[in-house]
Each structure stands twice: as structure tokens, then as C-alpha cells.
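Chains A and B, in that order, give the protein sequences.
Okay, so the first sequence: first residue is 1 according to our numbering, each after it adds one.
Okay, so the second sequence: first residue is 1 according to our numbering, each after it adds one.
Because the hints were derived from the structure by calculation, they are not lab data.
Since the model is a prediction, treat every value here as computed from it, not as a measurement.
Be a bit skeptical, because a hint or two may be false.
[What the hints assert, rightly or not] Calculated cross-link-like contacts (lysine to aspartate or glutamate; reagent style EDC-like; alpha-carbon spacing at most 16 Å):
| no. | chain 1 | residue 1 | chain 2 | residue 2 |
| --- | --- | --- | --- | --- |
| 1 | A | Lys-124 | B | Glu-369 |
| 2 | B | Lys-430 | B | Glu-446 |
| 3 | B | Lys-450 | B | Asp-402 |
| 4 | B | Lys-353 | B | Glu-369 |
| 5 | A | Lys-106 | B | Asp-68 |
| 6 | A | Lys-64 | B | Asp-402 |
| 7 | A | Lys-194 | A | Glu-205 |
| 8 | B | Lys-263 | B | Glu-211 |
| 9 | A | Lys-189 | A | Asp-131 |
| 10 | B | Lys-364 | A | Asp-121 |
| 11 | B | Lys-372 | B | Asp-418 |
| 12 | A | Lys-29 | A | Asp-142 |
| 13 | B | Lys-364 | A | Asp-168 |
| 14 | B | Lys-315 | B | Glu-369 |
| 15 | B | Lys-450 | A | Asp-131 |
| 16 | B | Lys-263 | B | Glu-209 |
| 17 | A | Lys-159 | B | Asp-167 |
| 18 | A | Lys-93 | B | Glu-211 |
| 19 | B | Lys-50 | B | Asp-158 |
| 20 | A | Lys-189 | A | Asp-109 |
| 21 | A | Lys-118 | B | Glu-369 |
| 22 | A | Lys-204 | A | Asp-109 |
| 23 | A | Lys-93 | B | Asp-68 |
| 24 | B | Lys-460 | B | Asp-402 |
| 25 | B | Lys-315 | B | Glu-326 |
| 26 | B | Lys-353 | B | Glu-211 |
| 27 | A | Lys-198 | A | Asp-168 |
| 28 | A | Lys-194 | A | Glu-43 |
| 29 | B | Lys-47 | B | Asp-158 |
| 30 | A | Lys-64 | A | Asp-82 |
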Amino acid sequence: MKRFVLFVVALSNAVAWAQVVHPDLKSGKEHVNRIVIMPVQAEIDKQSMKGGEPMTEQARELEKSLTPVIADVLRKMNVTVDDTAFASAAFDKDPDFRYTTDDLQKKFDAILGQLTRKPNDVRKGRFTLGDSVAKLGDLNADALLFVRASGSVLTGARKVWSFPLSYDRLRLRMALVDARTGTVLYFAKQTILKNVTKDPNNAKEDIQALFKDFGKANKGKTLIKPEGRQNVSWSIPIRETSLVAHVLTLFTSVEV
Amino acid sequence: MTSPSKYLLAALLVCGSAVAIAQEPAGCPQRSGAELVSPKPEVENFKFSKPDLQLLRQVDALDQQIADHGLLYVDPEVEAYIQRIGCSVVPAHVPEHVMWRFRVLRDPVPNAFALANGSVYINTGMLSRLENEAQLAGVLAHEVTHVVNRHTYRSFNDMRRKYVMMDVFEAATSAAPLAGANYPAMLALGNVVPLAVVQTTFGYRRELEHEADDYAVRLLYKAGYDPKQMAHALDLLRHGPEVDLSVRPIFWADHPRLETRVKDTTVLADQLQGQGDTGRLEDAAYMAATKNAIRHDANLDLLLGRPRSALAIAKRLISFEPRNAENYALLGEAYRALGGRAPEPSPEELTSKGKDEARRNLQKLTPAEYEKALLTRPGGLEQWHVNSASAERAFAQALELDSKNPAAHRGLGFLYQDEDRPADAIAQLKSYLELAPEARDAHQVELRIKSLQQNAAAKKSATEGPQ
Chain A
1 MKRFVLFVVA
11 LSNAVAWAQV
21 VHPDLKSGKE
31 HVNRIVIMPV
41 QAEIDKQSMK
51 GGEPMTEQAR
61 ELEKSLTPVI
71 ADVLRKMNVT
81 VDDTAFASAA
91 FDKDPDFRYT
101 TDDLQKKFDA
111 ILGQLTRKPN
121 DVRKGRFTLG
131 DSVAKLGDLN
141 ADALLFVRAS
151 GSVLTGARKV
161 WSFPLSYDRL
171 RLRMALVDAR
181 TGTVLYFAKQ
191 TILKNVTKDP
201 NNAKEDIQAL
211 FKDFGKANKG
221 KTLIKPEGRQ
231 NVSWSIPIRE
241 TSLVAHVLTL
251 FTSVEV
Chain B
1 MTSPSKYLLA
11 ALLVCGSAVA
21 IAQEPAGCPQ
31 RSGAELVSPK
41 PEVENFKFSK
51 PDLQLLRQVD
61 ALDQQIADHG
71 LLYVDPEVEA
81 YIQRIGCSVV
91 PAHVPEHVMW
101 RFRVLRDPVP
111 NAFALANGSV
121 YINTGMLSRL
131 ENEAQLAGVL
141 AHEVTHVVNR
151 HTYRSFNDMR
161 RKYVMMDVFE
171 AATSAAPLAG
181 ANYPAMLALG
191 NVVPLAVVQT
201 TFGYRRELEH
211 EADDYAVRLL
221 YKAGYDPKQM
231 AHALDLLRHG
241 PEVDLSVRPI
251 FWADHPRLET
261 RVKDTTVLAD
271 QLQGQGDTGR
281 LEDAAYMAAT
291 KNAIRHDANL
301 DLLLGRPRSA
311 LAIAKRLISF
321 EPRNAENYAL
331 LGEAYRALGG
341 RAPEPSPEEL
351 TSKGKDEARR
361 NLQKLTPAEY
371 EKALLTRPGG
381 LEQWHVNSAS
391 AERAFAQALE
401 LDSKNPAAHR
411 GLGFLYQDED
421 RPADAIAQLK
431 SYLELAPEAR
441 DAHQVELRIK
451 SLQQNAAAKK
461 SATEGPQ
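Extracted from the complex, chain B is given alone in its bound form (with noise of 0.2 Å):
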């Protein structure tokens, strides 16, 4: 009986599509005028129980918990803006309990999610996926539209009702064998019984979940917003960078399939939206804000193992900015991590054999095992001489627009280290730390230098041999 519950537990205080924190409050500016959509009846007519107010304390305290472990991305121009967007789609009325914050998370997955005192957090993942400000309102719509109809606490409320069902259907079944019941079957029935019915749960869910799509896509078109663009940005969320690894679960998933999401959105606009008639996007207004989180998103797919999403990333803020040596930095970055993948995923990789193989390996090996057994499968290692040419090409042009980027200097000498030139790689790390003396890595890079001089050392009294 604890297994379900194992699952559920997860989902619980969590409603959207994942989690996060905070500074201190902003709120959102009262609006006067009528409401962009109108609550269901139900939820206007929601009163609190105490089971609901622990759950708030417990949200409450999960907003300072992801604070306490620095799991938010501070940038004060980034956070006005997403609180900004965040605002315009959230209702006149505030519900009771609730203090809208619009927050960002340093997490590379493409994700947003929303608690129920009314905090929403949109993971960097997620910021750079997204293409344009319409999609950031769309997502940040579907979050607050969980917030505002009371989501969390009613699926909380649901899954308790559900859990004591089971309990009950767990002791009939147990103790239904004693009366004279056949015993194997009533232990497939106390099996199987508890999992449909947290099924029904997760049923429940997806219900709520095609509820804040479509309160979404209305929020967008009342707010002047172009409604199919939550569909693109569900769509977005189909196609990544990396293999796809995950697994559809066939019981636990809380979620409407992403192509069925994709359809209904994309219905639900048509028929709000008139021919010819077409909303706003802002794409370069939505980039000019939120690159920096971008960046730093990159900086985080690599730190996780994920550098063909750092690619695309560097490429696409290249593309907006061509004349940031930051930018090329970045790629360079990205072309070194690489290590012995392609750029783009082979036909191989994306065979389920060949995503098993690589689950199998993610699960085996640590990530430094994983990188170097890369290196040895077919190819591995012609292509790592690929990438590193790729990547001193793209350190050398962030050099070209600013020749004192600290970060293309770093680059290069750990490319050089890796490349086993010593002498080339002390040249750029001590670059580094003339143009970076207070960097946060210094002491790191300080470390490197010295023991590629004593490596190098070594090296050449094995050469000269004994006097």
C-alpha cells in the first residue's frame, strides 16, 4: 500500500508541469476592469478545510526550502519581466490565499509549475525553449489557471478520498481468503484494484490539465496575445535537442499526451480567433530579456550532460546577437563538451535500441565514465577531433570581437589540456586569470596550471632519461 502513494506524494504539492522560489514578494499590481476569464462556480465557491491550510503551510515553506538551496535564477531585469508577463494574464480578483510571484529556476529541463499560494516558477529550461512572449504568456497562463481554479488542493482532496478507498479494499481482500474467497485471486484484485484506482487519480488530473489549457489559449486571446501560440509552445516541448530517454509510464502519467494538448489548443484558437486576425508575438522583445537567462541556461545543460542543448542555445543567441563574443564563448563551450557526440543525434541514437543502450549506460556509468565511453564506441574519437576543431574555431572568433573574453581564454585552455598541449594551455589559463582575477573558478584554473606544470615536468625528465 505505500507504493501508490510513493507516486502521488510527488505530484502533490506541485501542480503544472514542475517547481521553485524566492526573493521577496512582489505581487502584482491591483487591475481594475472584468476578468479576463471567469472561474468555474466550484471554484468560486471554494472554502478552505484544514487539511487544505497545511497543505498551504506546506507550499509556503517548499517556496523558502527551494530558496534555501539557491535553486532560483537572480537577475533583476529577467525576474521584472517574467513578473511583468506574469501579471497581465493572472485575474483582477486575487483568491484568497494567494500572492502572485513569478519566479525563474535554474533547471535546464524545459518545465513550469505552480504552487498554490499562488508562486510560479518557470525553469531557465523552459525560457529557452520558448520563442517568442506570447508562448511565456501562454505557459504562465496555464500555471496561474491552476492556482486560480484551485488545482492543488483539488486533486490533494481527491487522492486522500481515493487512498482511504484503497486502505479498505486492501483489508477486504486480505482478509476475504480467511472467509473461504479464493486467495489468488483476491491478491490480483488487492494488486491490481489500488492501481486502477490511483489511475482514476491521475485521470483526474489530466482533467485539470486540459482545464488550464484552455483557460490558457483564453487568457492569451483576451490579452491581445496570438492564442495558437500555446500550441507552439507545447509543440516546442515535443522536440528537443537531446534523445528523448524518458519513458511514458502507462499508469502514472498526469498528463494529456502532447500531441492531443497541441490539437485541442490549436482548436480552441482557431475558433476564439477570427480570419486575418492575428496577435501579438513579441519574439525579439522576449529575447532582449531573457538572453541572459539563456545563457546561464546553457551554462547548466552543460554542467548536466546535456551539450547538444547547449549547441542550439549558443547558436540561437548567436543568431540574435552575432556580435557577442560571449555568444561564440558559449559555442565553443558547447563543441568541447560534445566530446565524442555528433552534433545531431545518429539514426542509431534515436532507435530504441540505441536509446536503451544509452539509458542503460546513463544508469551504469557516472558521467564522467559515460563521457569517456563515448569516446570509444565507433567514431567516438574522430568525431571528438571534429568537435574540438569546431570549438578552438569558436573561442578563436569570441577572441576575434573581444580579445580580453576571459571566457574564450578558459576555453581554450582546457580544450588545449584535453588536446594535450601543456605548453598552449598554461598560455591561456594564465590569460584567464589576468582578465578574471576575481573569477569564482580562479582558484580551479590556479590548481590546473599547476599540475599541468608538473605533468609537463615529469614528462620531460622521463624524456631526457638519467643523466
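Isolated chain A (complex conformation) (with noise of 0.2 Å):
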């Protein structure tokens, strides 16, 4: 019984995705030529059988490695990125432009709950961090975009101890926000069921999909076709395949 609640909440959690786009974006009204991606924040655990562990120095690089994947796969959709603001030397020098980026952070973070429990509410414009986001002006950027990982790296021997649920994870959580009002534009979430700290790159196609919606609400700008869900989302080896990965697959190829 008790394996089978677990089984539950934790399926519901892998299957937590959803993206959902600012009407203002939809109609055109608002249009993002430039992005420029907030430091990424990151946290990774090590699940052993001696119990959890964090992994700091996975989740510094994951940070570092992250950004340049997603910012490739922005370029791909015509948009101008910026991810390079917050590693040049002015952003180590200048204490003021290391603290708004964090104050700006901190706000996100006050609004990531509410995001995340109700993202269609982005559809009414609910979320916002208000006009401080100007703050980073000097950027130049049509939209901010923030970013969260969290995830876990099984152990081997959790991984048979946590069967059916023996997968490494990773949930990602990101939102463009305009940057003069402070508007969530755009709000994506999944739950990648890879383990993408040795390479960042093993989550390329879940981040394409991450921005399928945006691709097409930003004026049809899109390069590249929007590549099926059913194809992106949980590289499960077809050896390891199981209930849960079907079930899984199932639910991702559903759109809502």
C-alpha cells in the first residue's frame, strides 16, 4: 500500500508539465527578439541506500552547462540570447548589479509556488515581478529568463530498492518574464527522467519541447519543427522500459 501511494505521488510528479503562454504573447501584441537568461539555479541529490547527499559541485556545473543548451536551442527559434550577462567581469565587480540580479531572483522565487501549482493562471496575466525588473535594463532584453533544476541521481542499489521508481530525475522550471513590466510571459515545467549532470546535452530535446508553445505563440518565428513529446521527453532505454515507462509515455503524448 504504502509503495503504491508513493508510486502515485511520485508518478503525478513526473507528469507535472505544462506550458502555458501570456495572451499578449498568443496575440502578438508582445513579441521577445531578445532574451537574456538569468544565472540558472540548480540543486542535485545523490540517492543512496544510506540515504539522501547533496551534490553541490554537480548542481555548480549543471548551472554552467545548462544555460548554453537552452540558449542554443533559443537561437534556433530566431531569438537573439544573451547568455553570457551574468559571467562577464562586470557582474563580479559590481556588487549592485550582483545584488539586483539576486533580488530579482529572490522575487521569482516568491512567485515560483503560485507558478507552479497554477500556471494557467499566466493566461490572466496573474504573475508578475513588478517593474524592478528594469533594473537590468542596461541588458537590453525584450524578455528575462529564469530558470530552476532540482533532481535526484539514484544509486545503483536504490535504483533495485526503488523499483518501479528507480529513475533519475530532473524537473525543470522555467519562465520568461517581460523585461519592463515584469510579466510572466511564458511559463514552462517538466520532469526529465534522465540523469543530465555528465551531460547537459542529454537534455536538448526535453528543452526544445519546453519551448514548443513559445516557438509557435511568438509569431511563428520557429526554425526548427516542433518535435513530437512522445519522442523528447523520457529516454528510458528500451531494456529498462517498465509499467511506469509506459504509463509515463502514455501521459506525454497527451497534450493539455
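Combine both chains into one complex, guided by the hints.
As C-alpha cells, this is what we get:
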């Protein structure tokens, strides 16, 4: 019984994906030409038979390596992307710049809970960081992209022990925020059943899928052909395919 | 089985009350002479195992991550002061794999924490709550004890051992029904026992907290500070300007109750201190050294919807420096941010019902929606008028002290915008831009002026009607 409950909880979390577009972006009133990617924030832990252990080193690596992957995906959508603004010497030397960036990250975290629970409210224009986002006006962005990644890597023994929930996972949440008004223009979330800490390119197809609706909404500028969800979300090798994997694949092919 | 680990994980890297980063490692100057307090024998014989060294690497990475995320408060004067006080309470012998670094974290929560590698972080929220140097030394001594006595490694290893026990127990209870055991009973056991085991882990951590408090009081005494200030510092954490909406967890409390800690540290301080024997406090030196960090903390409070804390800090800074225009500008911002709140919590807000309602609203509403909801409560709008008037007076006072204070002009501009006085708002915001053209928020202010001008023009044409 307990395992069943855990199974259901994990399953519901795993399939908790969404892509929601603000009506102004959908209607073409807003158009995003230039995106600045805010510093990615990641948390990874290792789940072993002796409990959980933080993987801060790997999380730091992921923070650095995920940014260019996301930038690459967005560039293919005909959007200009600045993924180096926060890796510059100016960022290191100017405390005001760092404080402002951290303040905006804190503001984003303050709405992230509601954003995750009620993503559809993006359509009502409910979420905003306020006009303080304009403090990063010198970056000349149309939109700022906030990224949160959190995941677990299971050791071999833990995978056997946790069967059928024996998958590494990474939960991605991304929001595009209007760089003048602070309004959330686009929000997407998805849990990827892969270990992407070794090679974030493993998540590239999933990230492409996360921006599928954005690509469509942003005035049809998408150059890449949106790929089918069933091809991108769950990279479970055939030999490991289990009932869970089948169920998850079913869910992923359903559009919300 | 994954749920207990989730909670344990958060507590793992950090010992003490909270967390943080860094610029370049400073370390502490070599100190000679006798140790302030001797470490326990089991600590002196501590040997690093492979998991301990792995944990150390993760802890070093956390230091870097804190810096990467821009969470550090950077002010050479404050940093040097914190480092100096921290170094005054560390032992002469530097433990293996420890480099003493004391840093300030941009976080309004009153907290401090230590990492196993000797990085000690104190939040700006803690600095703004403390009253004197002795209390600061007490808090840092508490965190130093966590490092010296290897608390992170000890609780890490304790947790690992217990986690294996939980796994074994779960396997046994899962298999027992197959062998004919009562299924509901086994299910109940399978759920309760892991929680009980986790509880013992936190119980162990509570012991370590007591140990850190005990050492801190002794260190304060040996360093010539008033040892009672440790108890006072803990007592200051019990009551803040905001309504305390935290819910004390039943199972996951890894710190002893504050009341108990205050009592225990007071008793110990009394034992150490003879009658009429008083130690150093250094309250003026403390305020002089930390005032910028404290003012910075008030701005974080404003950012994160804690205007009552910001107000309390502004008043404290004014009493310390009554001729400083910045302090009055901060006071004005705090009153403006109060919105529909009273400066002090009302009796209703402090009831369980009031707290439940606030928790519900904070969970359901975005910060902007929450502020709006406060205005629609009975008396909310009236309170907003009162607060706005207080804010205007404070800004005016700031300008009286320094007519070229940019923050006061900006505050007035935003206040007048809230009060739907576009012409006054535009004038004040333009003054701000003239005085601080290079300010980071200059673009934000320009956009506000533009928006105010557009709204005013639209209003005018609507009033005049079609020609």
C-alpha cells in the first residue's frame, strides 16, 4: 500500500508538465526578440541506500552547462540570446549588479510556488515581478529567462531498492518575464527522467519541447519543427522499459 | 522511504541555524597561548573517512555556489569587522581541513550557520537583530563550535547509519505479511519506525546544538565578553517585529526550543561570572561597524514583504544616527511599504485564527495580490492613508537634512504615484534622475515617468472629451 501511494505521488510529479503562454504573447501584442538568461539555479542530490547527499559540485556544473544548451535551443527559434551577461567581469566586480540580480531571483522565487501550482493563471496575466526588472535595463532584453532545476541521481543499489520508481530525474521550471513590466509571458515545467548532470545535452530535446508553445506563440518565428513529445521526454532505454515507463509515455503524448 | 531523506538532506550540509559564500579566503591570524576551550577527546581523535572527505568537497562547492549566486554582502569594512570578531573566538589550533572564513549573507532571516570547512555565515537579518559585539561574538562562537567539534560530520555519519537501519526495517515490514504477519500492523510499523529513527537523528542534532551553546558561553567569558549576552542573543530571536507565522514541526525540529536555550545559557553564564563581574558589550562599536549591513538588510526586508522589520530597523538607525538623511529615507520607504498594515501587529493578527488566515493568504496569493488584499480588509485603506502620511513626513525630514538625497526624491515619487498625484510624482522622479543619473534603477524610473505622462495625457483627453 505504502509503495503504491509513493508510486502515485511520484508519478503525478513526473508527469507534472505544462507550457502556458500569456495572451499578449499569443496574440502578437508582445514579441520577444532578445532574451537574457538569468543565472540558472540548480539543486541536485544523490539518493543512496544511506540516504540523501547533496551534489553541490554537480549542481554548480549543471548551472554552468545548462545555460548554453538553453541558449542554443532558443537561438534556433530565431531569438537573440545573451547567455553571458552574468558571466562577465562586470557582474563579478559590480556589487549592485549582483545584488539586483539576486533580488530579482528572490522575487521570482516568491511567485514560483503559485506559478508551479497554478500555471494556467499565466493566461490571466496573474504573475508579475513588478517593474523592478527594469533595473537590468542596460542588458537591453525584451525578456528575462528564469530557470530552476532540481533533481535526484540514484545509486545502483537505490535503483534496485526503489523499483519501480528507479529513475534519475530532473525537474525543470522556466519562465520568460517581460524585461520592462515584469509580467510572466511564458512558463513551462517538466520532469525529465534522466541523469543530465554528466551531459546536459541529454536534456536538449526535452528543453526544445519545453519551448514548443513559446516558439509557436512568438509570432511563428520558430525555425525548427516542433518535435513530438513522445520522442523527447522520457529517455528510458528499451531494456529498462517498465510499466511505469509505459504509463509515463502515455501521459506525455497527451496535450494539455 | 524517500521522504525522511528529503528533510534530512536539507539539514545535512549546514550546521547551526542557517547558510552562505565568498570572496577570497582570509583565514585567521595565528594565535598563540592556551586554547579558550578544550575540545572533547572524541573530537581530537577524529579521523576523516571517505564519505567525510566527499562531504567536505560538497561543502567547498557550496561555498562557491553561494558566491556564484551573488548571495554575499560585499562591504570590506563590515567583512573585516566580522572576520576580526570571528577570529577572536576560534581556537589557536586550526583543525584539519578547516580554513576560518566569516562572511555576511544577504538574507533578512535572523540566522547564522557554519560549514564543515570553517566557513561561517551570518545573515544580515541576524546582524540587524543583534545589539552588541558580545552577542555577535556569541553567535559566531556557537557556529565555530559546530566546526571545531566536527558536528557536521558527526551528524552526517549518524544519519547514514540510521538510514540503513530504516531501509532494513522497511524491507522486513514489507516482507513480514508474506510470512503471515498482520498486514495493518506491519504497515503501521513500517511507517512509524522510520519517523522515530529520524526523530532520534534530530535529537542527536539537538544535543550538538546544546554543546555549541555551552561552548559559546565559555568562549565569550574567556574572551572577556559578557557571557550573558549569548542568552540575550537567543532571546532576541524569540520576538521580532513581524507576526511569527512559522509552525514548529513535531518531528523535524533539530534545534532545541529557544526558551530552553535561553534558560540553559543564562544558568551557565551565572555560574561562570562572579557577582559584580561584567564583561565587554561594545554596543557602539557594533553599530558603527555594521550599520551599512543593517541598512542593507532593511532593503531586503522591503523586497521580501517584511515592512515591519524594515520599520524597526529604520527607527533603530535613526536613534543611532539622528542626522543621517538615508535613515529617514529608509523610514519613509518602510512606511510606504506597510500599505494596509498597522506598524505593529493587531491583537487579531496574533491569534491562531489570524495567523492561519495569513498563512492561507500567503500560500494562495502572490505578493502583489497579498498587498492588495490587505487594503480591502476593514480599516486597511484608512491605515494606508495614515502610513502614506507618515512616509511623506519621513521623506520630507530626509530632504530637510539633505535636500539632494536621491532616495528621498525617489520615495516621494513612488508615493505620489500610489496616491495618484502624477504631476508631483513626475517632478520628484525627475529630481531623482538628476541627482542619481547612473543609478541602477534609472531605467525603471524613466519608464515610470513615461507611463505617468502617458496616463496623465490619456486622462486629460478623456476629461476634455471629443472636440
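*Restraint status (C-alpha distance of Lys-47 (chain B) to Asp-158 (chain B) at most 16 Å)*: Distance of about 15 Å is within 16 Å: holds.
_Given pair status - Asp-168 (chain A), Lys-198 (chain A), alpha carbons within 16 Å_ = Status holds; Cα separation ~12 Å.
*Proposed proximity, Glu-446 (chain B) with Lys-430 (chain B) (alpha carbon, max 16 Å)*: holds, 8 Å
_Distance restraint between Lys-315 (chain B) and Glu-369 (chain B), which requires alpha-carbon spacing of 16 Å or less_ = violated, 28 Å
*Between Lys-364 (chain B) and Asp-168 (chain A), is the straight-line Cα distance small enough, at 16 Å or below?*
violated, 31 Å
*Does the alpha-carbon distance linking Lys-64 (chain A) and Asp-82 (chain A) stay inside the 16 Å limit?*
holds, 14 Å
*Restraint check for Lys-118 (chain A) with Glu-369 (chain B), where alpha carbons must lie at most 16 Å apart*: With Cα atoms ~14 Å apart, Lys-118 (chain A) and Glu-369 (chain B) stay inside 16 Å; holds.
*Measure nothing beyond the straight line between the CA atoms of Lys-93 (chain A) and Asp-68 (chain B); if it is 16 Å or shorter, mark the hint as holding.*
The hint holds at about 12 Å.
*Could you grab the alpha-carbon distance between Lys-106 (chain A) and Asp-68 (chain B) and see if it respects the 16 Å cut-off?*
holds, 15 Å
*Is the hinted pair Lys-194 (chain A) and Glu-43 (chain A) satisfied, with a Cα-Cα distance of at most 16 Å?*
holds, 15 Å
*Sort out whether Asp-402 (chain B) lies within 16 Å of Lys-64 (chain A), counting only the CA atoms.*
Distance of about 45 Å is beyond 16 Å: violated.
_Tell me if the straight-line CA distance from Lys-159 (chain A) to Asp-167 (chain B) falls inside 16 Å._
Satisfied, since the Cα-Cα distance of roughly 13 Å is no more than 16 Å.
In this structure, the hints that do not hold are numbers 3, 4, 6, 9, 13, 14, 18, 22, 24 and 26, in rising order.
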